[in-house]
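Number of protein chains: 2
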Amino acid sequence: LTDTSSIPDVFSSSCLCHVLQESLLSSASGYSNYRGILNWCVVMLVLSNARLFLENLLKYGILVDPVQVVSLFLKDPYSWPAPCLVIGIYLNLLPLWHANCIIVVVVHLPKSIYLNIYTCLKYTTKCFSTKSGGVFALGVYTILFMKLYSYKDVNMWCREIRHTKARTLTRSHSCPSVAQSNGSAVHSHVSYPGNLTHRDIYYFVFAPTLCYELNFPRSPRIRKSFLLRRLFEMVRSKIISGKQSYVILFQWIVPTIQNSMKPFQDMDFSRMMERMLKLAVPNHLIWLIFFYWFFHSSMNFVAELMQFGDREFYRDWWNSETVTYFWSNWNIPVHKWCLRHFYKPIMRRGVNKWVAQTAVFLVSAFFHEYLVSVPLKMFRLWAFMGMMSQIPLAWFVGRFLRGNHGNAAVWISLIIGQPVAVLMYVHDYYVIHYMSQS
Amino acid sequence: LTDTSSIPDVFSSSCLCHVLQESLLSSASGYSNYRGILNWCVVMLVLSNARLFLENLLKYGILVDPVQVVSLFLKDPYSWPAPCLVIGIYLNLLPLWHANCIIVVVVHLPKSIYLNIYTCLKYTTKCFSTKSGGVFALGVYTILFMKLYSYKDVNMWCREIRHTKARTLTRSHSCPSVAQSNGSAVHSHVSYPGNLTHRDIYYFVFAPTLCYELNFPRSPRIRKSFLLRRLFEMVRSKIISGKQSYVILFQWIVPTIQNSMKPFQDMDFSRMMERMLKLAVPNHLIWLIFFYWFFHSSMNFVAELMQFGDREFYRDWWNSETVTYFWSNWNIPVHKWCLRHFYKPIMRRGVNKWVAQTAVFLVSAFFHEYLVSVPLKMFRLWAFMGMMSQIPLAWFVGRFLRGNHGNAAVWISLIIGQPVAVLMYVHDYYVIHYMSQS
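Residue numbers (this note's numbering), protein chains in the order written: chain E, 1 to 438; chain D, 1001 to 1438.
The shape of chain E in the complex, shown without the other chains (with noise of 0.2 Å):
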């Protein structure tokens, strides 16, 4: 008897096999792990590219050759004048720094680095050849900028500690940036103006930050599996985005631009709204590749080189669910920069907060355009107005649209706000050179 009245007991704990639950994927579940979805993209991205990239060997076979680009490089260096620029205003920081004493550095080593920006830039929309060579150098110039910006800027504020402090001595205040430790025993802690050496400057204008600091925070030490998966990534995306690149501007872009030249010219809006679709899904990977590319493979890498401890380099921007919470986490090395040297010093004079708000907009947009518009020789304010418009949407998405609402508007601005902006300058960049020619 004893082995048959075990048995119902099985039974009756089988009998119950329900729970009052919701599925995961609706909203009221509060369920949010997807790390599995992000691996699903990359896998699709890998699998799509090993197709195409078999059907091109089986069509074509093996066409580059690794040796001619490689001699193609060496063999006139003077006809790549991106590099060299680049090179150069790197080499021209220590004379530049020696010129000066040291506490005049502080403050005018910006001004004279931007006087040789200046010089430079009028070379350079001279000589140059390649559009993208000219968008690289403009952007390490101005990354440069912002650089030296925070570097003057920092010095600056301890000197005014120090100043302060010699001052109020009697009344013993401290200073924290100073007295704090920062958790790695190894490196020696620095203050002011022990910092104003070529090696600090020279890690700090190499490191991936935009913020200077004293005493950054340094990783422990290098690890040699992490640095071969950055660069093994850093190889990979840089290979399929430019695999991709290459074909949408000759598979897409090209026949796009020419078929919409009529329905332009005709305002036919449905048309045109067909084209900027056709356009926006294969801008919009490229962009995502890119970010992938630059935030996190290359970023780390360097960072993981020079035992930079700071990783944040972007933040939860995939589930910004208003525009503001995109733009202040997407590229956090320049969003710290805006706040610390920008946002916060024009607060601290008494401006008002959204005022404040709309002028690093404005900032940013004039810097967007200043990148396109040099090296293109068009001055259009497509990327100035694509950024100023994001005040009215981020008032809109934040008033009317919440939680996955608010995060499909914000992604639907992404994917389709971009190739207008793109559209706008490659159509005209097409008008003013193929269209006056015929």
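Source of the hints: derived by calculation from the structure; they are not laboratory data. From a predicted model like this one, the values you see are computed outputs, not experimental measurements. Backbone N, C-alpha and C fix where the C-beta goes; we use that ideal spot for every residue, glycine too. Be careful, since some hints might not be right.
[Claimed, not checked] Computed spacing ranges between beta-carbons, pair by pair:
| # | chain 1 | residue 1 | chain 2 | residue 2 | range |
| --- | --- | --- | --- | --- | --- |
| 1 | D | Phe-1366 | E | Glu-55 | 31 to 41 Å |
| 2 | D | Phe-1366 | E | Val-235 | 44 to 54 Å |
| 3 | D | Gly-1139 | E | Phe-136 | 56 to 66 Å |
| 4 | E | Leu-227 | D | Val-1235 | 49 to 59 Å |
| 5 | E | Val-355 | D | Gly-1403 | 46 to 56 Å |
| 6 | E | Leu-57 | D | Ile-1087 | 47 to 57 Å |
| 7 | D | Lys-1059 | E | Ile-222 | 52 to 62 Å |
| 8 | D | Tyr-1425 | E | Ile-222 | 48 to 58 Å |
| 9 | E | Ile-222 | D | Tyr-1430 | 51 to 61 Å |
| 10 | E | Leu-57 | D | Arg-1402 | 25 to 35 Å |
| 11 | D | Val-1019 | E | Phe-379 | 35 to 45 Å |
| 12 | D | Arg-1402 | E | Gly-350 | 52 to 62 Å |
| 13 | D | Val-1235 | E | Met-44 | 21 to 31 Å |
[Said to hold, decoys possible] So these bits of chain E aren't anywhere near chain D, every CB distance computed over 12 Å:
| # | residue |
| --- | --- |
| 14 | Gly-194 |
| 15 | Ile-201 |
| 16 | Lys-238 |
| 17 | Thr-358 |
| 18 | Val-360 |
| 19 | His-368 |
| 20 | Arg-380 |
| 21 | Leu-381 |
| 22 | Trp-382 |
| 23 | Trp-395 |
[Said to hold, decoys possible] As a list, the in silico EDC-like pairs of lysine to aspartate or glutamate whose alpha-carbon atoms are at most 16 Å apart:
| # | chain 1 | residue 1 | chain 2 | residue 2 |
| --- | --- | --- | --- | --- |
| 24 | D | Lys-1059 | E | Asp-268 |
| 25 | E | Lys-152 | E | Glu-213 |
| 26 | D | Lys-1152 | D | Asp-1200 |
| 27 | E | Lys-59 | D | Asp-1268 |
Here the structure of chain E is known, so what remains is to put chain D in place on it, guided by the hints.
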């Protein structure tokens, strides 16, 4: 002086702006909230389809006449054997149930139903003109078989408990399955044999579960907005997947098969590979849309309509790092049924754990083969072998891959595995029906 002494504090707090931390996308960060990526997938899908729709509309105008479609359905109902068979089995349930006495029905009903299915099947294979109708009808019959098997089992367990209770009444053994409350105060609690009613069996037959329970958890009310959203999703995904299936069939599969005839005959592996990868991506997308349509939209819609409380139709299979995790989480109703009515009963008889798991895979493989072979009238074992190959794959992935690598391997097996089996069937079908003619 009080004014200037406060400035250094502001500056010194600005001086520190870096913290030792990892990037979010690094696996070391442990971050996993990618809800936004899911929204991105939906937005991309909708946008790509909107463009295709717009392009199609611009090219051909509106071609579909809804009146014509409905009239086609109503004109000759006997040319639609699949819906007739499905409605027939649901109507036959009641006479079958009545023909047997209450205790007998519990034991013998599944057998009689299965005989009924068997005779229907013979009829099915003869009269079916459409393959998809055959798959649909067979699917419904299989689901019904599993439901009634569960109905029999649970009622048998309840009878067992009741008998044991009667025998051991002096020991006051209480049955928790009948005594427990399940949280919903509205619906009255039912105990065996009070559950043997028409209403109860019909509720179970239409409820989105395969496991019978005397008192299902019930949701308190029908949320109309939830119902409408699921209905909208159902219609939308149905249109997208329908159009995609159509496009894939005529734009991809037919040319792919025609082009892959020669590589398959010549055993040209690199070209076979290229063909298969070409098929893999759209096939996988259709499967994903089908998953969302069936397991999220449709099942939630039915559950909301019937106030069925347990909405766990799937778990987070997208994060699965082993093959077994995927198979036990992507289809919870079938997984639950297998566990409750097959795995646990044979485990209780002292069967080894690994043997029992293999047996579950065998049965599952049999049903997969059965659902494909009968409507196509081709007994080829590709689906069976596809399922059985999961066992060595599961061993391999579990043994050698961890974390994101395991997850990527599961995704690759999903993306590649399905189209291989599909291509095999389509290839053989094509060889039988078209090669013999020419």
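Structure-based check of each hint:
1. Roughly 38 Å separates the CB atoms of Phe-1366 (chain D) and Glu-55 (chain E), a value that falls within the hinted 31 to 41 Å.
2. As the Cβ distance of Phe-1366 (chain D) to Val-235 (chain E) is approximately 47 Å, the hint placing it in 44 to 54 Å holds.
3. Between Gly-1139 (chain D) and Phe-136 (chain E) the beta carbons are some 57 Å apart, a value that agrees with the proposed interval 56 to 66 Å.
4. Roughly 50 Å separates the CB atoms of Leu-227 (chain E) and Val-1235 (chain D), a value that falls within the hinted 49 to 59 Å.
5. The hinted range of 46 to 56 Å is satisfied by Val-355 (chain E) and Gly-1403 (chain D), whose Cβ atoms lie roughly 48 Å apart.
6. As the Cβ distance of Leu-57 (chain E) to Ile-1087 (chain D) is approximately 54 Å, the hint placing it in 47 to 57 Å holds.
7. About 57 Å separates the C-beta atoms of Lys-1059 (chain D) and Ile-222 (chain E), a value consistent with the hinted range of 52 to 62 Å.
8. Judged by the Cβ atoms, the range 48 to 58 Å given for Tyr-1425 (chain D) and Ile-222 (chain E) holds: they are separated by roughly 52 Å.
9. At about 57 Å, the CB distance of Ile-222 (chain E) to Tyr-1430 (chain D) agrees with the hint of 51 to 61 Å.
10. Taking the beta carbon of each, Leu-57 (chain E) and Arg-1402 (chain D) are about 32 Å apart, inside 25 to 35 Å as hinted.
11. Distance hint check: the CB atoms of Val-1019 (chain D) and Phe-379 (chain E) are about 41 Å apart, consistent with the given range 35 to 45 Å.
12. Between Arg-1402 (chain D) and Gly-350 (chain E) the beta carbon distance is about 56 Å. The supplied range of 52 to 62 Å therefore holds.
13. Distance hint check: the CB atoms of Val-1235 (chain D) and Met-44 (chain E) are about 26 Å apart, consistent with the given range 21 to 31 Å.
14. The claim that Gly-194 (chain E) lies off the interface holds: its Cβ sits roughly 14 Å from the closest Cβ of chain D, which is beyond the 12 Å cut-off.
15. With a minimum CB-CB distance of about 16 Å to chain D, Ile-201 (chain E) clears the 12 Å threshold, and the non-interface call stands.
16. Non-interface call for Lys-238 (chain E) relative to chain D: holds, since the shortest CB-CB distance, roughly 17 Å, exceeds 12 Å.
17. With a cut of 12 Å on Cβ distances, Thr-358 (chain E) stays outside the contact zone with chain D, its closest approach being about 22 Å.
18. Every beta carbon of chain D lies more than 12 Å from that of Val-360 (chain E), the smallest distance being close to 16 Å; the non-interface claim holds.
19. Consistency note on His-368 (chain E): stated as away from chain D, and its beta-carbon is indeed over 12 Å from all of that chain's, at 23 Å minimum.
20. In this structure Arg-380 (chain E) is separated from chain D by more than 12 Å, as the shortest Cβ-Cβ distance comes to about 26 Å.
21. A cut-off of 12 Å between C-beta atoms confirms that Leu-381 (chain E) is not in contact with chain D; the least separation is 27 Å.
22. Every CB of chain D is more than 12 Å from the CB of Trp-382 (chain E) (nearest about 21 Å), matching its label as outside the interface.
23. Taking the minimum C-beta to C-beta distance to chain D, about 21 Å, the non-interface status of Trp-395 (chain E) holds against the 12 Å cut.
24. This hinted pair checks out: Lys-1059 (chain D) and Asp-268 (chain E) have alpha carbons roughly 14 Å apart, not beyond 16 Å.
25. For the hint linking Lys-152 (chain E) to Glu-213 (chain E), the alpha-carbon distance of about 11 Å falls within 16 Å, and the restraint holds.
26. Of the pairs offered as hints, the one joining Lys-1152 (chain D) and Asp-1200 (chain D) holds, with about 13 Å between alpha carbons and a cut-off of 16 Å not exceeded.
27. About 14 Å separates the Cα atoms of Lys-59 (chain E) and Asp-1268 (chain D), which keeps this hinted pair within 16 Å; it holds.
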